[in-house]
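Visitor: The lines below spell out each chain.
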Amino acid sequence: MDPRADILPLVLDDVSFEINGMRLIKDLSCTFEAGPRTAIIGPNGAGKSLFLRLCHGLLTPSAGTIRWAGPDGADPVAAQAMVFQRPIMLRRSVAANVDFALKLRNHGKPDRTAIIDEVLGRCGLRRLKDNPARVLSFGEQQKLALARAWALKPQVLFLDEPTASLDPAATHAVEEIVQAIHHEGTRIIMTTHDLGQARRLADEIIFLHRGRMLEHAPTETFFTEPKNDLAQAFVKGELLWWKLGKDNRRAGGYEVDKAPRRRN
Amino acid sequence: MNDISDAFAAAFAMVAGFDKDLAEIVGLSLEVSLSAVFIAAVIGLPLGAATALFRFPGRKVIIVLLNAFMGLPPVVVGLIVYLLLSRAGPFGVLGLLFTPTAMIIAQVILVTPIIASLTRQVIEDLWREYEEQMRSLGAGPVRSLTALLWDARFSLLTAILAGFGRASAEVGAVMIVGGNIDHATRVMTTAIALEVSRGDLALALGLGLILLVLSTCVNGAAFLIRDAAQKRHA
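One line per chain: the protein sequences are A and B, in this order.
In this text, residue positions in the first sequence follow the numbering used here: the first is 6, and each later residue adds one.
In this text, residue positions in the second sequence follow the numbering used here: the first is 457, and each later residue adds one.
Keep in mind the hints are simulated off the structure, nothing from the lab.
Be careful, since some hints might not be right.
No more than 27 Å apart at the CA atoms, straight line, and that leaves these computed lysine-lysine pairs for DSSO-like [as the list claims (entries may be wrong)]:
1) K134(A) / K687(B)
2) K31(A) / K108(A)
3) K108(A) / K687(B)
Turn these sequences into a full structure, and let the hints guide you.
Guide: This is the structure:
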């Protein structure tokens, strides 16, 4: 398979996901084209992480299809990467963590050394390269997780609340890295709890609530005039979930807004 | 009280005099137990890791059996290996009965379930942490398995030491399949048993003390290795 062939667009068609009969993702359809950065937002339990894992292929949908609609010959597994909310560090040195990922993609030794040096440098971890990864601070670990993903030069990078437990300085550093990865042409699809971050990093917003996609709009539009009333309340920071939640049947009736495609 | 002080005196005399027979017995003990532990680790580590990682039919049965076999009575294992290796047994032609090889085979059977069970537990916990990342990176089963074994190496050293403890301490199996033949299959534990039945308790206890010191040294060395390596890799 040709690792350089485009794997995008990613097409989700009527996707549902259930565990023990509980439907956690409901009839979700959308398309991710190459280009813009997407932030998936919504309250806890909305299904943001599940949605990301379904897209990345870590979970299999109970109904519906998820397909990489790029040309034949593209290798979707090799062309995507994911950074998790809690960085998962191998019990090895910083450099060896990146090296492990590169070995899995069959890079030669000189090639790997060069890439490791480059990504660690760009993520500000070069001086720590021989340290054990698990004694790094949480922020440094997350930067290493990003460096490891970056080393793979993925076409699509999934980020699951990458700054959820970081302080503002570390959050800023992580956001800079995400931007840099994006500037090299990687499609960013991330979840976040931080509305400011969604504004800063995303070109389009997907709003999830109780497993349904209630809105999919350009960032600007979403924050100025959200169509969905739950999204309106969420943007305003109102804590209306438990009230509105009782009547969540209602939410299902909303037309999902198809976002106009910019940038491509 | 006399027996105990005599034991220390006997032990000291044996070590100080560097008795040739003693050296032979100690050497064979280490050879048999270390070989058995090495072979059991080669089998048990991947087996334990595989039962932790893969879901296959019969997996639960294997886990229960491995756990149960951690407590196999050495005499029973010795007897089974004896029957298999005896002239009339299926492997009789190999002529292995009453040789160190037979003792190693018996100890491998005793030690493998211990190493495999403890490995499964360690790897299962680590896999819970690593699974999503490994799958995200596209690591296949073999790469995941080797990465897990490597990353868990310090914890697995404890599993291997538990196996060594079992092997170096057991007497039942090596007695039956080895026969405690002087200059051929006599090891520390069988020598101790022999001296006890002969009534030379001081000599038996002296041998016992040496065995204790040896196994403490092995465990101490492993601890130091683990400690030094862990400081570097956390």
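Visitor: Each hint needs a verdict: does it hold in this structure or not?
Guide: Going down the list of hints, with the structure as the test:
no. : hint              : verdict
1   : K134(A) / K687(B) : holds (16 Å)
2   : K31(A) / K108(A)  : violated (38 Å)
3   : K108(A) / K687(B) : holds (26 Å)
In this structure, only the earlier hint numbered 2 is contradicted, and the remaining ones agree with it.
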